[in-house]
Amino acid sequence: MKKSTIQDIKAGAMFALPGLVVFFLVVIIPFVYGFYLTFTDWNGVSQVKSLVGFKNYVDTFKDVEFWSSMWLTLKYVAISVILVNIVAFGLAYLLSNGIKGQNFFRAGFFTPNLIGGVVLGFIWKFIFSNVFTAVGKAVGVDWLSKSMLSAPKTAYFALILVTVWQLAGYMMLIYIAGFTGLSHDVLEAASIDGATGWRRMRSIILPLMVPSFVICIFLTLSRTFMVYDLNLTLTKGGPYASTRLVAMHVYEKAFTARNYGVGQAEALFLFIVVAIISGLQVYVGRKKEVAA
Amino acid sequence: MKQQKVGGTKKIVIDVLLFVLVAVLFVLFMVPFLMTILNSFKVKMDILRDPLSLAPSKGFSLSNYIDAFKKMSYLTAFMNSVIVTGFSTVFVTILSAMCAYYYVRHDNKFSKVCSSLMSASMIIPFQAIMIPLVYIYGAKLGLLNHRATLIFMHTGFAMSMSVFIFQGFIKSNVPLALEEAAKIDGCGRYRTFFQIVFPLLGPTTATLIILNVLAFWNDYLLPSLVLGVKAIKTLPLSTYEFYGTFSADYGLIMAALILTVLPILVIYLVLQKAIISGVVAGAVK
Amino acid sequence: MKSSIKFIAIVLAVMVLFCSCSKKSETATTNTTASTAKVSITLLNSKGEIQTGLEKIAAQFEKDKGIHVEVIACGAGEVPYTKVTTMYNSGNAPTLAILDPTDIVGLAKEYALDLSGEKWVSETDALNLTVDGKIYSFPFCVEGRGIIYNKSAIESVLGRSFDPKSINTYSSFKAILAELRSKGMENPVFLAKEDWSLGAHQLGYIYDAYDGTTAGSEVIINELKAGKNPLDVDRFNQFVDTIDLILEYNFAKADPLGADYDQGALELACGNVAFWPNGCWAWPNLVEGGADANGEFGFISFVLGDDPNDFANTSIQASASKQIMIDRIQASAEQQEAAKEFINYLVFDTTGQKMFVEETALIPAAKNNPNQPLDPLGKDIAERTASGKLYTSCFIAPSDHWSVMGAAMQKYIAGMSDKKELASTLSQYWKAQN
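These protein sequences, in sequence, are chains D, Z and W. Here the first sequence stands for residues 1 to 292, numbered as in the numbering used here. Here the second sequence stands for residues 1 to 285, numbered as in the numbering used here. Here the third sequence stands for residues 1 to 434, numbered as in the numbering used here.
Hints may contain errors.
Taking lysine to aspartate or glutamate and the EDC-like style, the derived pairs with C-alpha atoms no more than 20 Å apart in a straight line are [claimed, not checked]: (1) Z/LYS230 with W/GLU62; (2) Z/LYS230 with W/GLU55; (3) Z/LYS230 with W/GLU78; (4) Z/LYS11 with D/GLU188; (5) W/LYS165 with W/GLU78; (6) W/LYS431 with D/ASP59; (7) W/LYS183 with W/GLU248.
Derived, one-sided and incomplete: chain D residues facing chain Z with beta-carbon distance under 8 Å [stated by the list, open to error]: (8) PRO18; (9) ASN113; (10) LEU144.
FYI, nobody ran anything at the bench for these hints, they're computed from the structure. This structure is a prediction, so every number in the text was calculated from the model and none was measured. Beta carbons: idealized from backbone N, C-alpha and C, even for Gly.
Let's have the full structure, built from the sequences with the hints guiding it.
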């Protein structure tokens, strides 16, 4: 017993420590300091700050816009997570069965990830407000010649569309890794047993792919909850603040409205919400994994 | 015999339909890129007047590329990006693989706590640690404006996700028996890890390298906080003066985007082969 | 155990080597600048479009005065105030920062150097921004706004000559819009949908046009804070009338929130519209849209009400929209002196004066600069400066004013809210600032 503890510590120092040290220095310490700031009235720049207790948290609960943007974000996350994963899984499945030009297509669907957030939003804004409208005018379709970004519902949809466009390729890659990790023996045995088509998918493939689902859903959850760059450059929260997601609201609270403590408290709150949701998701997923 | 043939044609029809489906989706996916490439050769007025036009009034020219290349100090910025991305990726890949290996093989309280801490940290909004981060590393330690600091931070921020993905893979795909055999043969821990375990992680490593390289290469916010001096700026930082207060220079931005993306596209295509060969090697064995 | 020590040693060695390497390259670069320059300062630029121009000025300044100025750009999607805040937190505060007046007010007392005693103060008098009676910033440039017209487009539709001075009331503006429509230009005004444009520049008239002074804008703002109903404010009612008129003749009527700034520049430049409410900063974009530097562009007032003698209808608003402050806290005394010298270079040095006008294409706030603006919009403002047809009010609002009220204005121009709702949003915004 004792020997194994020593072994654990020794291995820990050898393997886990270097990475953990970097991680703690870069992520955890600033986070803890940020946590401390939520108890102050700091405005983000002043040299003086004093402790105000839980006032910022009380303000968070009173901030109506925070809650409405949180609700908007929840809907956005739910729709995006579902769509992204359906598209990604579908693509990965299609592109793991030896279709002609498979590698070319894989690379192609992944390319949206080659562009970073700010430029991505800029390009899509251009596509929505210039290219699509030009197409609409050219073919004389009325609804298409209006910019999708100019009405709340369509702008919201535009955000989701771009999210799916970008994340699907990323998740596809992970699903493909999952598919290639599936043992050939199992699949062969299954097809010898006569399991084909939907049955093969439902009773063999899906259970075996649970780990990939857990990872992908977790990643999509965290990515979509945090979305900021895209929100800022694509819709800027508009039209008339109808698409302002929670990360953007937090950012504006902290910096534009110069209320750093409240912004930080809201960020922490957001963190907790996401932690609970994704924690549950991983927990349920892992349980399924064990059962399978 | 006959039936088999029917099955054959049916399969062909399905294959063709699937191919068409994928191809159509592919074209839709590519629209933004095609538009970017097309318009990167036009002047701003033509871009705004008709982004679809194949015969712009001022014609097509390379001038956006030449301007962007100069204004970005492309070669310097490119080298900076390569250094930052390269080192960060190497560090994070090795450190996270080791970390994940420990978590899986030593399933004790310590690794459980650390592992869940890491997973949780993936959902910390970056804005929530941005100010404390620059305060600690800038005002307190005076470490900003060094590429090494950025590499260090990139490594720290990317740890969680890499560990998370490696962990899942090691758990399900690396047989313990191999390691035990190596141990009996008298291999040290590091030798066991680097010679036996790490090579088995091939496909996942390749995937993670791609994801991390992309994240580092394109990252804007963190480098903008760390690198203030022009001489050490990375590619994304060097393009931002193309965005004015009121209006942006579309042609320049598109050309700059393509100049930024091209090197990474090459890396991706090269690595993609590596993934496949990794998988093939696994199958042969 | 041995192998683990070895491994850690190697990792450490690589890291140390690497850090020292990158440090070396850095000291190398600072050394080379140090050989030609003794002091090195930084300048945060929040006006992306003049980045190249500023770098050229900085290079010339280094040649002339031996001081190195590193121009730091504030990038896409970065709020200048956030940028400067982060830089202060990171201990890398810019020696000089070009910022909006609102941001200067926010930072002045704690961080900015008192510049009240500088020589240029008398050259920029009316445009100086005072905070508690002191001047903490140098008025960098003058920007004016109103309704930009394209004279040749108007004349070719009307078939007669057009005198911009004749548009000095709501009714006269309405009349010419109707005339343009009757002669074939269906919708002669372009209204851009950007929130900064709608929220700060257009809606801002209700404060700036109070009596044309910054002090006056404070009076109306304080009244609103105290709970005065905007519907009882004359300027608010006049403003909404004019906006309604513009919406009636809006080029982008079918999709008001699809009309962006770039399109506005394009449509005005090529004469598809006659008027575009915007500012002198739009000139480079008009050129990109195909406007000719000799073209006849200029400003009419953003008309408010029907009194032809009202200053708001005879003059346009122009103020020092960007100010430069010098850091008092983190910069050394030597750097602060160098920063002052840079400002003096822009104001008093003949090369500096000339480069300022030519490289940035901005209108200098200092009246001793003999170089005339090169473009029609700048020329119009210069003429108005000479003839006194300007009012210099520059309202100071909290930093989220433009985004909150910009959203409310967007809702209004999209027809999703009415005057009453706009008024109540405005009223609530100000009441919440108490």
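Each hint, compared with the structure:
Only pairs whose Cα atoms come within 20 Å are accepted, and Z/LYS230 paired with W/GLU62 is accepted, the gap being roughly 16 Å. Restraint check for Z/LYS230 and W/GLU55: the C-alpha separation of about 12 Å stays at or below 20 Å, so the hint holds. Under the criterion of a C-alpha separation no larger than 20 Å, the hint pairing Z/LYS230 with W/GLU78 is consistent with the structure, at around 17 Å. Distance check on the hinted pair: Z/LYS11 and D/GLU188 sit about 18 Å apart at the alpha-carbon level, within 20 Å; holds.
A distance of roughly 40 Å separates the Cα atoms of W/LYS165 and W/GLU78; the hinted pair therefore is violated under the 20 Å criterion. With a C-alpha separation of about 17 Å, the suggested pairing of W/LYS431 with D/ASP59 holds against the 20 Å cut-off. Taking the CA atoms of W/LYS183 and W/GLU248, the gap is near 16 Å; set against the 20 Å cutoff, the hint holds. Taking 8 Å as the C-beta cut-off, the interface hint given for D/PRO18 holds, the closest approach to chain Z being about 5 Å.
For D/ASN113, the shortest C-beta to C-beta distance to chain Z is roughly 6 Å, which falls under 8 Å, so the interface hint holds. Annotation: interface hint on D/LEU144 violated; nearest CB of chain Z at approximately 13 Å, more than 8 Å.
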